[in-house]
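Okay, here's what each chain looks like letter by letter:
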Amino acid sequence: MSQEKLENLGLDLPDLPLTTVGSFPKPPELKEARKQNREGDLSDDDLDEQAREATRFWLDKQYELDYDIYVDGEQYRGDMATYFAENLQGFEIGGLVRSYGNRYYRKPIVVDEIVWEEPITVDWWRFAQDYADRPVKGMLTGPYTMMDWTFNEHYPSRAETARAFAAAIRSEVEALIEAGCKIIQIDEPACSVRHDEMELVKEVVGQVVEGQDAYFISHICYGEFEKIYPDMLEIPVDNFDLEFTNSDLYLLDLFRDDPFTKDLSFGAVDVHNHRVESREVVRELIEKVLDVVPREQIWISPDCGLKTRTVNEALGKMEVLAEATRELR
Amino acid sequence: MKIIAENHSMYPRVGESDHAQRLRQAHHDFDHGAIDAEKLKEIEDSYVEELIKEQEDAGLDVVTDGMIRWYDHISHLCGKISGVEVGGLVRYFDTNYLVREGIVRDRVEWDGSMLVDQYKFAAQVASKPVKVILTGPYTLAYFSEIDDSDYASERELAEDYADLLAREAEVLADSGVEYLQIEEPMLLQNPANSSWVLPLNDKIVEAAANTEVRLATYFGDAAPLYDELQETAVDMLLFDFSYGPELFDCIADRGSDKRIGFGLLDGRNTKLATADELAEKIEAVSDNLTDGPHSVSFTCSLDYLPRDRARLKLERLAETRDKLQEVLN
Numbered sequence: 001m002s003q004e005k006l007e008n009l010g011l012d013l014p015d016l017p018l019t020t021v022g023s024f025p026k027p028p029e030l031k032e033a034r035k036q037n038r039e040g041d042l043s044d045d046d047l048d049e050q051a052r053e054a055t056r057f058w059l060d061k062q063y064e065l066d067y068d069i070y071v072d073g074e075q076y077r078g079d080m081a082t083y084f085a086e087n088l089q090g091f092e093i094g095g096l097v098r099s100y101g102n103r104y105y106r107k108p109i110v111v112d113e114i115v116w117e118e119p120i121t122v123d124w125w126r127f128a129q130d131y132a133d134r135p136v137k138g139m140l141t142g143p144y145t146m147m148d149w150t151f152n153e154h155y156p157s158r159a160e161t162a163r164a165f166a167a168a169i170r171s172e173v174e175a176l177i178e179a180g181c182k183i184i185q186i187d188e189p190a191c192s193v194r195h196d197e198m199e200l201v202k203e204v205v206g207q208v209v210e211g212q213d214a215y216f217i218s219h220i221c222y223g224e225f226e227k228i229y230p231d232m233l234e235i236p237v238d239n240f241d242l243e244f245t246n247s248d249l250y251l252l253d254l255f256r257d258d259p260f261t262k263d264l265s266f267g268a269v270d271v272h273n274h275r276v277e278s279r280e281v282v283r284e285l286i287e288k289v290l291d292v293v294p295r296e297q298i299w300i301s302p303d304c305g306l307k308t309r310t311v312n313e314a315l316g317k318m319e320v321l322a323e324a325t326r327e328l329r
Numbered sequence: 330m331k332i333i334a335e336n337h338s339m340y341p342r343v344g345e346s347d348h349a350q351r352l353r354q355a356h357h358d359f360d361h362g363a364i365d366a367e368k369l370k371e372i373e374d375s376y377v378e379e380l381i382k383e384q385e386d387a388g389l390d391v392v393t394d395g396m397i398r399w400y401d402h403i404s405h406l407c408g409k410i411s412g413v414e415v416g417g418l419v420r421y422f423d424t425n426y427l428v429r430e431g432i433v434r435d436r437v438e439w440d441g442s443m444l445v446d447q448y449k450f451a452a453q454v455a456s457k458p459v460k461v462i463l464t465g466p467y468t469l470a471y472f473s474e475i476d477d478s479d480y481a482s483e484r485e486l487a488e489d490y491a492d493l494l495a496r497e498a499e500v501l502a503d504s505g506v507e508y509l510q511i512e513e514p515m516l517l518q519n520p521a522n523s524s525w526v527l528p529l530n531d532k533i534v535e536a537a538a539n540t541e542v543r544l545a546t547y548f549g550d551a552a553p554l555y556d557e558l559q560e561t562a563v564d565m566l567l568f569d570f571s572y573g574p575e576l577f578d579c580i581a582d583r584g585s586d587k588r589i590g591f592g593l594l595d596g597r598n599t600k601l602a603t604a605d606e607l608a609e610k611i612e613a614v615s616d617n618l619t620d621g622p623h624s625v626s627f628t629c630s631l632d633y634l635p636r637d638r639a640r641l642k643l644e645r646l647a648e649t650r651d652k653l654q655e656v657l658n
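These protein sequence lines are chains Z and L, in that order. Be aware that the first sequence starts at 1, since it is given in the numbering used here, and climbs by one per residue. Be aware that the second sequence starts at 330, since it is given in the numbering used here, and climbs by one per residue.
Hints are computed from structural coordinates only; laboratory data are not their basis. Glycine included, every Cβ here is placed at the ideal spot set by N, Cα and C. Hints should not be assumed to be uniformly reliable.
[As the list claims (entries may be wrong)] Pairwise CB distance ranges (calculated): (1) Z:233 <-> L:434: 53 to 61 Å; (2) L:456 <-> Z:274: 29 to 37 Å; (3) L:481 <-> Z:254: 52 to 60 Å; (4) L:408 <-> Z:253: 53 to 61 Å; (5) L:525 <-> Z:230: 31 to 39 Å; (6) Z:167 <-> L:366: 28 to 36 Å; (7) L:476 <-> Z:254: 22 to 30 Å; (8) Z:195 <-> L:417: 16 to 24 Å; (9) L:483 <-> Z:278: 31 to 39 Å; (10) L:657 <-> Z:211: 54 to 62 Å; (11) Z:3 <-> L:525: 26 to 34 Å.
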């Protein structure tokens with residue numbers, strides 16, 4: 001069914017389509033520019049120009065490595081939840097909160113009604129798509145994850161907060177489609193955490209995508225999949241992008257018992273490790289999924305966004321992933 | 330009926346100003362070899378002093394040292410227990426917060442006190458009693474991976490953890506600790522294990538002579554275990570009412586032989602309930618309670634909040650206590 005949808009959208013993808021999860025590392029000069037901008041020493045326009053240059057760099061790399069579906073690399077975004085909170089109405093960007101050890105992030109606070117006023121990601125998507133020769137994915141953070149990763153002082157419940165996010169994100173999806181975007185990824189990494197809220201995840205993702213003419217992917221990572229599988233297959237998207245190298249392939253055992261019915265973007269390189277895997281290791285991993293999930297359902301990608309790696313590590317991992325995939329075509 | 334205002338456990342260790350960020354900076358410098366362990370401890374000491382003063386200024390009756398020397402609830406203890414190494418990051422329940430798990434290589438044994446020096450420092454700078462927190466044996470065992478050791482089960486490991494935590498509790502009691510808190514959030518995830526978990530906690534209570542012991546459970550509903558918890562040896566049951574609103578019915582229906590810790594102010598959300606609405610809830614069940622003292626507290630650690638919001642919660646806690654004193658006496 002997904003194949004048919006892709007054809008109807010005019011997308012002609014090769015065997016084992018190659019893509020990435022979304023973020024790429026920011027080059028050191030862009031990191032420095034973001035710091036200068038925060039301190040008031042660099043204008044927003046100058047920072048944007050540097051982010052455009054970094055975006056072109058990553059689009060060139062995806063072209064050189066022969067990827068099939070591109071991403072813009074999110075060179076203009078900070079945290080995946082805070083970025084949207086900064087660009088929607090109804091938020092206060094809160095103080096620092098610890099994520100582990102000595103690592104902190106700013107967690108947004110919903111203090112008023114969440115309102116989508118204008119497109120957030122469309123200009124960047126259009127910039128990338130105009131430059132690129134292949135489809136560029138629209139990249140959004142899903143309503144359930146936005147709710148779970150923000151404080152809420154306005155809405156009466158978690159469900160109401162998630163529904164308000166869904167309405168805003170639906171507007172962004174509409175704007176992306178209107179601009180010509182055909183593949184949209186709605187990341188829901190938080191959805192595997194509270195198993196009792198899976199119905200809410202299905203509802204709010206449905207609220208975003210229902211009746212929208214695009215191919216939808218959702219990236220989910222680091223959770224207890226055994227507790228949400230096969231229930232998660234009812235989240236109304238076409239393709240799930242999941243990590244495999246960092247989870248010792250136990251997901252494949254689940255798929256043997258309950259067949260994976262959607263398309264699967266198979267995470268085949270570890271993003272939490274500095275070492276670049278060998279081509280043989282990656283190829284063997286992909287062969288394992290091909291034994292369990294029908295080939296026409298499989299896309300190939302890294303485990304997660306590559307932004308925590310260095311530029312060279314990310315390129316090394318992308319290259320080995322592309323080589324292993326080509327060997328199997 | 331007497332009611333006191335009691336901090337739960339952790340307190341945020343970073344704020345907005347450079348001064349409030351000095352501990353974060355010190356950890357960064359220590360990790361990069363720019364300062365030595367002695368200098369790091371000096372900064373930790375000054376931070377503990379500052380946080381204790383913040384709690385006392387807000388009007389709390391029982392404070393903690395903010396647990397700012399703990400990396401997290403698991404690895405701080407595992408790193409000091411013989412037979413265990415500190416491992417990789419895993420999610421802490423349904424939070425977006427990661428802890429380092431223990432890797433059990435050998436029989437686990439007490440290897441000298443883990444917390445006495447920290448307690449002594451805090452007690453010396455505090456004018457109010459300082460509560461000490463111990464992660465419970467079951468939660469510790471759940472977050473420990475059994476590797477290369479002869480433990481056949483999580484339960485067997487938890488039994489050995491209980492023995493060494495009892496030894497720690499004894500040493501803490503001998504050092505003058507008045508308030509000890511055992512944290513067993515895992516119990517609410519697998520309540521069926523209560524028949525063997527609760528006796529392990531009782532071992533620790535019995536070892537801590539002349540100390541008032543709280544059993545803190547959170548991130549789950551304790552109402553189904555209410556009767557069983559009443560049969561334990563602990564002095565106070567500190568509940569997370571955000572996950573277990575039915576606990577009010579349990580208290581109203583069956584009363585409580587134990588002191589109750591009313592974990593009412595939400596440690597996971599910035600929203601501030603009013604002192605009136607909080608006091609009203611406790612007042613409604615006050616006829617079913619002993620003379621106490623009972624506590625009003627937070628649902629869980631405050632480490633999930635930005636520091637400015639945590640400070641507001643401290644003040645609201647003291648206000649709630651004052652309000653209750655007024656209406657109950």
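Worksheet entry | 53 to 61 Å as the expected CB spacing between residue 434 (chain L) and residue 233 (chain Z), which holds or is violated | violated (39 Å)
Fill in: Supplied distance hint 31 to 39 Å, evaluated on CB atoms of residue 483 (chain L) and residue 278 (chain Z)
holds (36 Å)
Practice prompt. Given the hint of 31 to 39 Å, check if residue 525 (chain L) and residue 230 (chain Z) actually sit that far apart at their C-beta atoms.
Written response: Cβ of residue 525 (chain L) to Cβ of residue 230 (chain Z): about 33 Å, so the range 31 to 39 Å holds.
Worksheet item: Do the beta carbons of residue 195 (chain Z) and residue 417 (chain L) sit within 16 to 24 Å of each other?
Response: holds (23 Å)
Practice prompt. Could you see if the CB distance from residue 167 (chain Z) to residue 366 (chain L) stays within 28 to 36 Å?
Written response: For residue 167 (chain Z) and residue 366 (chain L) the Cβ distance comes to about 52 Å; the hint is violated.
Practice prompt. For residue 3 (chain Z) and residue 525 (chain L), compare the CB-CB distance with the range 26 to 34 Å and indicate the outcome.
Written response: violated (53 Å)
Worksheet item: So does residue 408 (chain L) sit 53 to 61 Å from residue 253 (chain Z), Cβ to Cβ?
Response: With Cβ atoms ~33 Å apart, the hint is violated.
Discussion item. Within 54 to 62 Å: is that where the Cβ-Cβ distance between residue 657 (chain L) and residue 211 (chain Z) falls?
Written reply: holds (57 Å)
Worksheet item: Range hint 29 to 37 Å: satisfied by the CB atoms of residue 456 (chain L) and residue 274 (chain Z)?
Response: Since residue 456 (chain L) and residue 274 (chain Z) have Cβ atoms about 49 Å apart, the given range 29 to 37 Å is violated.
Worksheet item: Quick one: are residue 476 (chain L) and residue 254 (chain Z) within 22 to 30 Å, going by C-beta?
Response: At 24 Å between Cβs, range holds.
Worksheet entry | Beta-carbon spacing of residue 481 (chain L) to residue 254 (chain Z) - inside the hinted bounds 52 to 60 Å or not | Given range 52 to 60 Å: violated, Cβ gap about 26 Å.
Consistency note: the structure conflicts with the earlier hints numbered 1, 2, 3, 4, 6 and 11.
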